[in-house]
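Visitor: From first to last, the protein sequence lines stand for chains A and B.
Per our numbering, the very first residue in the first sequence carries number 7; after that it's consecutive.
Per our numbering, the very first residue in the second sequence carries number 62; after that it's consecutive.
Among the hints, a few may not be true.
What the hints assert, rightly or not - Here chain B is said to cover these stretches of chain A; the calculated rule only asks that three of the stretch's residues, wherever they fall, bring their Cβ under 8 Å from a Cβ of chain B: (1) 48-55; (2) 70-77; (3) 205-217.
To be verified - Between beta-carbon pairs, the in silico distance windows are: (4) B/237 / A/205: 56 to 62 Å; (5) A/194 / B/110: 57 to 63 Å; (6) A/179 / B/243: 58 to 64 Å; (7) B/67 / A/40: 57 to 63 Å; (8) A/179 / B/272: 47 to 53 Å; (9) B/265 / A/43: 43 to 49 Å; (10) A/36 / B/109: 51 to 57 Å; (11) A/41 / B/265: 19 to 25 Å; (12) B/272 / A/40: 51 to 57 Å; (13) A/136 / B/272: 34 to 40 Å; (14) A/116 / B/226: 23 to 29 Å; (15) A/215 / B/237: 54 to 60 Å; (16) B/74 / A/205: 40 to 46 Å; (17) A/41 / B/272: 39 to 45 Å.
As the list claims (entries may be wrong) - Over the 12 Å line for every Cβ pair with chain B, so calculated as not near, a few chain A residues: (18) 26; (19) 37; (20) 102; (21) 184; (22) 187; (23) 202.
Think of the hints as simulated: they come from the structure by calculation, not from any bench.
Note that beta-carbon positions come from the ideal geometry of N, C-alpha and C, so glycine has one too.
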Amino acid sequence: MPDSPTRSLRVGVCGPVGTGKSSLIALVCRELAAELRLGVVTNDIYTDEDARFLRSAGVLDPDRIRSVETGACPHTAIRDDITANLMMVEDLEADFDPLDVVLVESGGDNLTATFSPALVDTQIFLIDVAGGGDVARKGGPGITRADLLVVNKTDLGPHVGVDPDQMVVDASAVRDGRPVIALSRTDPASVTALTDWLRRQLASHRTGDLTPADPGPMAPHSHGDEPSHTHGQGDDAHHHDHAHV
Amino acid sequence: MDRPPPSPLLLMLLADARLPTAGHTQSAQLEPATVWGLGVSEVADFIALRLRTVTRVEAATAVVAMHHLRAGLDVAEVEAAWAARTPSPAMRATSRQMARALRRLVCRLWPESPHLAVTGPGASRAVVLAVAADSAGLAPRDLAMLVGYDDVQTVASAALKLLPLDPADVACWVLDALAAVDALATEVAPLTLPSAIPAAGAPQIEAWAESHAVTSRRLFNA
Chain A
7 MPDSPTRSLR VGVCGPVGTG KSSLIALVCR ELAAELRLGV VTNDIYTDED ARFLRSAGVL
67 DPDRIRSVET GACPHTAIRD DITANLMMVE DLEADFDPLD VVLVESGGDN LTATFSPALV
127 DTQIFLIDVA GGGDVARKGG PGITRADLLV VNKTDLGPHV GVDPDQMVVD ASAVRDGRPV
187 IALSRTDPAS VTALTDWLRR QLASHRTGDL TPADPGPMAP HSHGDEPSHT HGQGDDAHHH
247 DHAHV
Chain B
62 MDRPPPSPLL LMLLADARLP TAGHTQSAQL EPATVWGLGV SEVADFIALR LRTVTRVEAA
122 TAVVAMHHLR AGLDVAEVEA AWAARTPSPA MRATSRQMAR ALRRLVCRLW PESPHLAVTG
182 PGASRAVVLA VAADSAGLAP RDLAMLVGYD DVQTVASAAL KLLPLDPADV ACWVLDALAA
242 VDALATEVAP LTLPSAIPAA GAPQIEAWAE SHAVTSRRLF NA
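So here's chain A without its partners, still in its complex pose:
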């Protein structure tokens, strides 16, 4: 993309319905609004509920929170045809120039939905303990390759019979060293871990060291004793003469 190096850091937030995307954005705004110039774009499916939730949370000037309708295609709007979101991000950047960070919230979709690297510079994928302890093991492009995986609502673990620590271990096992944060709004250390990650991403963006990476469509996998790899993406694309199992 022919972007200005001084434009905002665009951060995607995606993950299944109910994992806490809006709450995470509200949390980030609450923690960082005094320090960074923020904007938010939501992709609600049926209503502008998420945008209204964020506006009513009172953590950001309501005019800095915009919603994009996706025509019941939340996946398309962040991946196949990012036009509507890109225009909204650019409008925010123009209206509140300069912005430090624009957070783009995907419409709650499934485990396969991730952002196009042409829309966001870095992306957070959310899962939560209430969604079941096996979700991390199921994998998918967001879980395995998003820039940051957040295992949310860890404080609910005892109530839903899920061990958050095990979820983090399971997730870390498929992420090849990429960061995982076990997050709870009631755990200040986890909130600091999240905001510190965002500050580091912003610093990398400003120095030009942040290269948007595409998490999907295929998760890394291995064949017997070979190291794990992906297919058809960038420099590590290669050909096979054997079937995948």
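On the provided structure of chain A, position chain B as indicated by the hints.
Guide: The following block gives chain B in isolation, referenced to the frame of chain A:
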């Protein structure tokens, strides 16, 4: 490339819903119509009504705009004629928003187009479609068919999200509407003057567009 692709292929490219121009966000006012109570059995009539009214205005505007661009005439007069025939502020805003999305893509597909400079951020969709059609080497009739066909498919694909029905039925509606698209293209293809653009409004569709713009519950942008 050595030789530009033939215009029928470029027409297919521009008519393809997979083109990244945010088309999936649009229902062509079908969503507010269904909220009002329009049922499955009336969608074909809705499509036909649009082709006789708002879509006819857009197709004629696009044809006249392409003539102006190719003849080196000012398109401002065409824009004014279109705006005067599009009384709904919401519909004008939607057209300009869609134009902006399309213009982004045209800048990538045909950056050499001399007309990008004269069609700025406030251009209507019909005028930016004319820029794209000019670069694609389309005839005026092709451009008018593109506008009509795209409108039919926009309603049809939105219907699949808004109403419970068989997707094959929707394909049948589109097939049935093609004769009207063809007739529309025949009618507007020879037009060259802004004053010749039909003033064919549809007050109910315009009212739906206005109500949709202020609702807080919607799947589609418009």
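Visitor: All the hints need checking, so say for each whether the structure fits it.
Guide: Do the hints match the structure? See the list:
Coverage of the region 48-55 of chain A by chain B holds. Counting CB-CB distances below 8 Å, 4 residues qualify, and the rule asks for three or more. Requiring three or more residues with a Cβ within less than 8 Å of a Cβ of chain B, the coverage given for the region 70-77 of chain A holds, as 4 such residues are present. With 0 residues carrying a beta carbon less than 8 Å from a beta carbon of chain B, the region 205-217 of chain A misses the three-residue requirement, and the given coverage is violated. At about 58 Å, the beta-carbon gap between residue 237 of chain B and residue 205 of chain A stays in the expected band of 56 to 62 Å.
At about 59 Å, the beta-carbon gap between residue 194 of chain A and residue 110 of chain B stays in the expected band of 57 to 63 Å. Range check, residue 179 of chain A to residue 243 of chain B: Cβ separation about 60 Å, and the 58 to 64 Å hint holds. Checked against the hint of 57 to 63 Å, the pair residue 67 of chain B and residue 40 of chain A passes, with Cβ atoms roughly 59 Å apart. The beta-carbon spacing between residue 179 of chain A and residue 272 of chain B, approximately 52 Å, falls within the hinted interval of 47 to 53 Å.
Restraint check, residue 265 of chain B to residue 43 of chain A: a C-beta distance of roughly 44 Å satisfies the suggested window 43 to 49 Å. Take residue 36 of chain A and residue 109 of chain B: their Cβ atoms lie about 52 Å apart, and the range 51 to 57 Å holds. Hint check: residue 41 of chain A to residue 265 of chain B, Cβ distance near 51 Å, so the stated range 19 to 25 Å is violated. Checked against the hint of 51 to 57 Å, the C-beta distance between residue 272 of chain B and residue 40 of chain A comes to roughly 40 Å, which is inconsistent with it.
Range check, residue 136 of chain A to residue 272 of chain B: about 38 Å between beta-carbon atoms, so the 34 to 40 Å window is met. Distance hint check: the CB atoms of residue 116 of chain A and residue 226 of chain B are about 24 Å apart, consistent with the given range 23 to 29 Å. Hint check: residue 215 of chain A to residue 237 of chain B, Cβ distance near 57 Å, so the stated range 54 to 60 Å holds. Take residue 74 of chain B and residue 205 of chain A: their Cβ atoms lie about 43 Å apart, and the range 40 to 46 Å holds.
Taking 39 to 45 Å as the suggested C-beta distance range, the pair residue 41 of chain A and residue 272 of chain B conforms, at roughly 41 Å. The Cβ of residue 26 of chain A lies farther than 12 Å from every Cβ of chain B, with a closest approach of about 22 Å, so its non-interface assignment holds. Taking the minimum C-beta to C-beta distance to chain B, about 28 Å, the non-interface status of residue 37 of chain A holds against the 12 Å cut. Chain B leaves residue 102 of chain A outside its interface by the beta-carbon criterion, the shortest separation being 18 Å against a cut-off of 12 Å.
With 12 Å as the threshold on Cβ separation, the claim that residue 184 of chain A sits away from chain B holds: the shortest Cβ distance comes to roughly 28 Å. For residue 187 of chain A, the requirement that its beta carbon stay farther than 12 Å from each beta carbon of chain B is met, with the minimum near 33 Å. Residue 202 of chain A, annotated as away from the interface, keeps every beta carbon of chain B farther than 12 Å; the closest lies near 35 Å.
In this structure, the earlier hints numbered 3, 11, 12 are contradicted, and the remaining ones agree with it.
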